[in-house]
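> Given the structure of chain U, go ahead and fit chain X onto it with the hints provided.
One line per chain: the protein sequences are U and X, in this order. Residues 1 to 288 (this note's numbering) make up the first sequence, in order. Residues 289 to 576 (this note's numbering) make up the second sequence, in order.
Among the clues, some could well be false.
[Stated by the list, open to error] With the C-beta cut set under 10 Å, the calculated list includes, among others, these residues of chain U facing chain X:
#, residue
1, A65
2, Q71
3, G227
4, E241
The hints are simulated quantities; they were obtained by calculation from the structure and are not laboratory data. No residue lacks a Cβ here, since even glycine has one placed at the ideal position from N, Cα and C.
Number of protein chains: 2
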Amino acid sequence: MSVETTATIASFGGKLLKLKHKASTTNCDMAFNLFLPPQATTSSSSKVPVLFYLSGLTCTGDNCAEKGFFQHGASQKGIAVVYPDTSPRGLQIQGEDDSYDFGSGAGFYVDATRDPWSKGYKMYSYVTEELPKTLFGAFPQLDSSRMSITGHSMGGHGALTLFLKNPGKYKSCSAFAPIANPINCPWGQKAFKGYFGDDQQQKWKEHDAAELVKQWKGPLDLLIDVGTGDNFYKQGQLLPENFVKAAKEAGVDKDVKLRMQPDYDHSYYFMATFADDHIAHAAKHLLS
Amino acid sequence: MSVETTATIASFGGKLLKLKHKASTTNCDMAFNLFLPPQATTSSSSKVPVLFYLSGLTCTGDNCAEKGFFQHGASQKGIAVVYPDTSPRGLQIQGEDDSYDFGSGAGFYVDATRDPWSKGYKMYSYVTEELPKTLFGAFPQLDSSRMSITGHSMGGHGALTLFLKNPGKYKSCSAFAPIANPINCPWGQKAFKGYFGDDQQQKWKEHDAAELVKQWKGPLDLLIDVGTGDNFYKQGQLLPENFVKAAKEAGVDKDVKLRMQPDYDHSYYFMATFADDHIAHAAKHLLS
Numbered sequence: 001m002s003v004e005t006t007a008t009i010a011s012f013g014g015k016l017l018k019l020k021h022k023a024s025t026t027n028c029d030m031a032f033n034l035f036l037p038p039q040a041t042t043s044s045s046s047k048v049p050v051l052f053y054l055s056g057l058t059c060t061g062d063n064c065a066e067k068g069f070f071q072h073g074a075s076q077k078g079i080a081v082v083y084p085d086t087s088p089r090g091l092q093i094q095g096e097d098d099s100y101d102f103g104s105g106a107g108f109y110v111d112a113t114r115d116p117w118s119k120g121y122k123m124y125s126y127v128t129e130e131l132p133k134t135l136f137g138a139f140p141q142l143d144s145s146r147m148s149i150t151g152h153s154m155g156g157h158g159a160l161t162l163f164l165k166n167p168g169k170y171k172s173c174s175a176f177a178p179i180a181n182p183i184n185c186p187w188g189q190k191a192f193k194g195y196f197g198d199d200q201q202q203k204w205k206e207h208d209a210a211e212l213v214k215q216w217k218g219p220l221d222l223l224i225d226v227g228t229g230d231n232f233y234k235q236g237q238l239l240p241e242n243f244v245k246a247a248k249e250a251g252v253d254k255d256v257k258l259r260m261q262p263d264y265d266h267s268y269y270f271m272a273t274f275a276d277d278h279i280a281h282a283a284k285h286l287l288s
Numbered sequence: 289m290s291v292e293t294t295a296t297i298a299s300f301g302g303k304l305l306k307l308k309h310k311a312s313t314t315n316c317d318m319a320f321n322l323f324l325p326p327q328a329t330t331s332s333s334s335k336v337p338v339l340f341y342l343s344g345l346t347c348t349g350d351n352c353a354e355k356g357f358f359q360h361g362a363s364q365k366g367i368a369v370v371y372p373d374t375s376p377r378g379l380q381i382q383g384e385d386d387s388y389d390f391g392s393g394a395g396f397y398v399d400a401t402r403d404p405w406s407k408g409y410k411m412y413s414y415v416t417e418e419l420p421k422t423l424f425g426a427f428p429q430l431d432s433s434r435m436s437i438t439g440h441s442m443g444g445h446g447a448l449t450l451f452l453k454n455p456g457k458y459k460s461c462s463a464f465a466p467i468a469n470p471i472n473c474p475w476g477q478k479a480f481k482g483y484f485g486d487d488q489q490q491k492w493k494e495h496d497a498a499e500l501v502k503q504w505k506g507p508l509d510l511l512i513d514v515g516t517g518d519n520f521y522k523q524g525q526l527l528p529e530n531f532v533k534a535a536k537e538a539g540v541d542k543d544v545k546l547r548m549q550p551d552y553d554h555s556y557y558f559m560a561t562f563a564d565d566h567i568a569h570a571a572k573h574l575l576s
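For reference, chain U alone in the conformation it holds in the complex (with noise of 0.2 Å):
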């Protein structure tokens, strides 16, 4: 449970810790960035509220904290953000690094049930649970009953997936060109096949946004950008337009926010772009 840390980094005001830690859900040395807003740095005793970012394939936690500009607003909101690994490394599965959609950087936010993968891809349970309980024992200015959760491409999907299962886990949610319905999609088949199995479609469904979103009861406010000019958007891997429909034949789509941002791509430069106004999507449902 003990957490290590290997840099600090002054940063628009606070501070950006890269941190390392030994998950035992992963099986293996996780590391993480974790931003602290000014008002987390100082001897203030009110604690801070935080943000979970979920990176997309092939990324680290450092992508973001590099490029994303979250600092920017967070830092003024006076919230934290944490910036997880997207898989476990250096498992030494066989095929582990032969993919870029797959495997290492691809851990797709599930906990995988099927050999060799289940041995230490079970980012669902790292991202839900034990990340969280390391968090916040290691970081008491951090207030565990205030957690809001967004991210970008698989990223996003990981967002809406853990927001829809887990009703109250989390104060809001937003995504960046998520992967909005995986079982529709060649990335997401590729996973759920690889992570699951081809014959087990129920579990498929467990993490479809576009599924679990048919489930939901009760005010559903999600603020979700998605570029025009996105390659992934147009080859079919993100397909926000099903989770949409999906909302509104279940009737919950009223606050479902999306946003079609004309000719942005699927970079950092589109999420810098409008990193501050998803900051101000979780800030009014973390600071009421």
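The following block gives chain X in isolation, referenced to the frame of chain U:
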């Protein structure tokens, strides 16, 4: 003189263009980035001013465009930002790629006089003459009468020296962690020895901000940020105090603002934090 657009990326309401042109000063193809704010991409007939951002050792024009957060403020103010490369590339001069602080990625914004570097290491002429000429020829929405300059580390040295050597050319200047007195630090001494020769002390002084400021006449409104946690500052590579002392002795220090930022390091995290301030500094002069 023709400029090839290799990519167009939506960013903060404007466009980041990745550009390439054949440069005669540097004797090779030169890549650079141009951020056009929304004000320059509409059919508006008014031209927008331009801020040149000069990068530090090892960087290209890409690093700051991705991680510096200048687009945030530039978009709000309506300022275009140009991110040139830091040296010629691929001239096949022996030893060109041997050091991180000399040759490729380390042009130091001077015109080398010593063989073989004089073959193309002419970043002073490139940035002050050829690049602006190319740029304003290709982009009529940019206002050639309103240019400012800023930069980081070696690029901070570039910004200060290009500004001080060309009174009136740039409306304003600022710098992040600049090499402010290169003739008295290891980086500067290595570069000037290589590009000019050991026996060219007068030439060295002509590219040293702390020397040039002694000749400055009139107001000198400079914003300089340096982090107290910057290892290169601690190692004596930057020497900003020498610059301020020289400005004071010359009686032009009234508006020279050296801000020592507690705990900040030499990284883009530092620059991203204060980018808005430097854009505001430029805007004060460009938009008045």
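> Now tell me if each hint is right for this structure.
Verification of the supplied hints:
1. The interface hint given for A65/U is met, as the beta carbon of that residue sits about 8 Å from the closest beta carbon of chain X, less than 10 Å.
2. Interface hint status for Q71/U: upheld, as the beta-carbon distance to the closest one in chain X is roughly 8 Å, under 10 Å.
3. Because the closest C-beta pair between G227/U and chain X is about 7 Å apart, less than 10 Å, the hint holds.
4. A distance limit of 10 Å between C-beta atoms decides the matter here; for E241/U the minimum to chain X is near 21 Å, and the interface restraint is violated.
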